[in-house]
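From just these sequences and the hints, can you work out the full model?
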Amino acid sequence: MSTVLDGLSLGAIYALIALGYTMVYGIAKMLNFAHGDIIMVGAYAIFVTLAAGGHVGIALLVAVLMCVVFGIVIEKVAYRPLRGASPLAVLITAIGVSYLLQSVAQIIFGAKAQTVSIVSFGTVKIASAEISVSSLITLVVGAVIMAALTLFVKNTRTGRAMLAVSEDRGAAQLMGINVNRIIMITFAIGSALAAFASIFYLMQIPSTEPTLGSMPGIKAFTAAVIGGIGSIPGAMIGGVLLGVIEKICLSVPVLAPYTTAVEFAMLILILLVRPIGLLGKKRREKV
Amino acid sequence: MAKLKRIKISDYFCYLIVGAVMIGSFIVAQTGNLPRSYSNLLVQVAYSIILAVSLNLVVGFLGELSLGHAGFMCVGAYMGSYLAMQLSAVVDNKLIVLIVSMLAGGLLAAFFGLLVGLPALRLKGDYLAIVTLAFGEIVRTIFKNMSVFGKAMGLSTQSIKYDTRQDTSLYLVSFATVLVVLFLVQNLVRSKHGRAITAIRDNEIAAKAMGINVTFYKLFVFVIAAFFAGMAGVIYGHYTTPVLYSFFSYNYSIEILVMVVLGGMASINGSIIAAALITFINFQLQSHLSGDLAALKYLIYALILIVLVIFNNAPKLAPIKDKVSPKAMFEKIRAHKRKPGDIRGDKSDWRVIPTKIRMDEVLSVDLQQGNDYTPDKPNKGGN
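Chains as they are written, first to last, in our numbering: chain A, 273 to 559; chain B, 6 to 388.
Treat the hints as calculated values from the structure; they're not laboratory data.
For clarity, every value in this text was computed on a predicted model and none was experimentally measured.
Positions of the beta carbon are idealized from the N, C-alpha and C atoms, including for glycine.
There's no promise every hint is true.
Stated by the list, open to error - Covered stretches of chain A, going by a simulated chain B footprint (3 or more residues, C-beta under 8 Å):
| id | stretch |
| --- | --- |
| 1 | 343 to 357 |
| 2 | 361 to 369 |
| 3 | 374 to 380 |
| 4 | 493 to 500 |
| 5 | 523 to 534 |
| 6 | 539 to 546 |
Laid out in structure tokens, this is it:
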């Protein structure tokens, strides 16, 4: 029981990251490899603000702000010049950006893990299972953010413009939508979600290092693919599913060392059996 | 008509350079003046070249991104070395053991390439990249947990390891392998099959419409590249001990990708030079930088990836690129050297006749001054 609950809160983090991936992939049609490293940026922003004596609330604000700024700058400098270039070029650049963030972080802060303690809430007992309050907060806030995002995309002008761009970029442009602006907003929202993910991550594992974001990033992409890339509920389901599976694998002694392999094998299987994911829409390719 | 397929000097350039390095270092080694670190470097350069050239086959020629190249190398290194250790108990000749295990390691890696290539039938682009990445991680995790291969301690290859100081045969064999790989790849690329592969890269749907078996060629390229990477892995297993799973991480796959990008997509000569250069830079950085500054290496990689890819691919930078890229410079020098009557400078040659006619030039002929020509007045309001 507590394993499943742990898995749910880990899954909520994955889901938040996966949402960023899925939005950027759906709208800009690119795999933003650097997305995981934005989480790292957020974690270090919190670390620096706290070390400078700032209040926790201020630290969280700074993290969101920094992540959004990084997201927008990366999009402008690295990805925008490549709009219309081959997907391969964009993907390689994204890998480069991910490396850039990691190596700069390592040069500035060192490779050693730094302790960041935000707040500790202790644990509560629910139905004879111990569960940490931070896990519960992660779950609740995660669900609220996802609901808000769904409403935003469905009901606001900008949100509908996003849907239009993801559907057909050329047609959206002809309808008077500023595609560059929409993609920029998408990156900003995705990065803000990454900042929230970094907050929840630090609540569960209170330390930060330059490679903090890379593994969760790749796993969250796995989650996004499992749920069906481009679909917001898909990202949520995929993330939660992956989190639960990871925690269950870790709790079984025979499987524990193979946890990563199991998760990735699942990804390959899903792509083989149902390449569009659980909730994805099928697209036909045209010449 | 001029013969289209001319074999250029630059095609032989790579054999010459690689051969010269091989023979030159062999002579130096015979006099006993080759420092140990440099004979190590030579082996590293050799297997890096094999890795870079084979990855270029996938990325540069087929146009698919593989982030699991280190995984194939991992298969070759673990399984090939294990086989070599078993074989060396039976067969006395070290060289035969090396060559047999290299072939076997390559074949096993090729089998894994087939396994990864199968999803490639349905996937492409970003999905394929993530699947290959996943594959690399799965392979690593499995080898890490198998007690036959020493679990987290890695596979100790002490019994088959070559002492590069006393024994020059390892890098001779490595460079010979490089030459064979180059020969195979160059011939493949210039054959009918190579043209089919580049056609898939340029437009998959059009290639399919021309009757090219896309599925077959994708699998084929994956298997060949995996085979070469497996061979490189076996060389690695004979060069160092222990063979450790952590070496074959995603970072190493990216390192090979950096070599390919730096050398230029679909350029074999470029891959050779870049592989040698990156390995050399690594080698120097390793001995001079320690601790957190080691991240400088990744910073350099990141900048190479971002700057080169944007420069080469950004639609807006294309005019600048045509002016300042090394290839354009080279063309300029060549054009300057051309003698009159040289067919390459001859505008009547069919290859240099412009195929695009600028319509505004044609249309503006009639609008020159002195010509009595007035265009029809626009018909407004139905008058």
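Structure-based check of each hint:
no., hint, result
1, 343 to 357, "holds (count 6)"
2, 361 to 369, "holds (count 7)"
3, 374 to 380, "holds (count 5)"
4, 493 to 500, "holds (count 3)"
5, 523 to 534, "holds (count 4)"
6, 539 to 546, "holds (count 4)"
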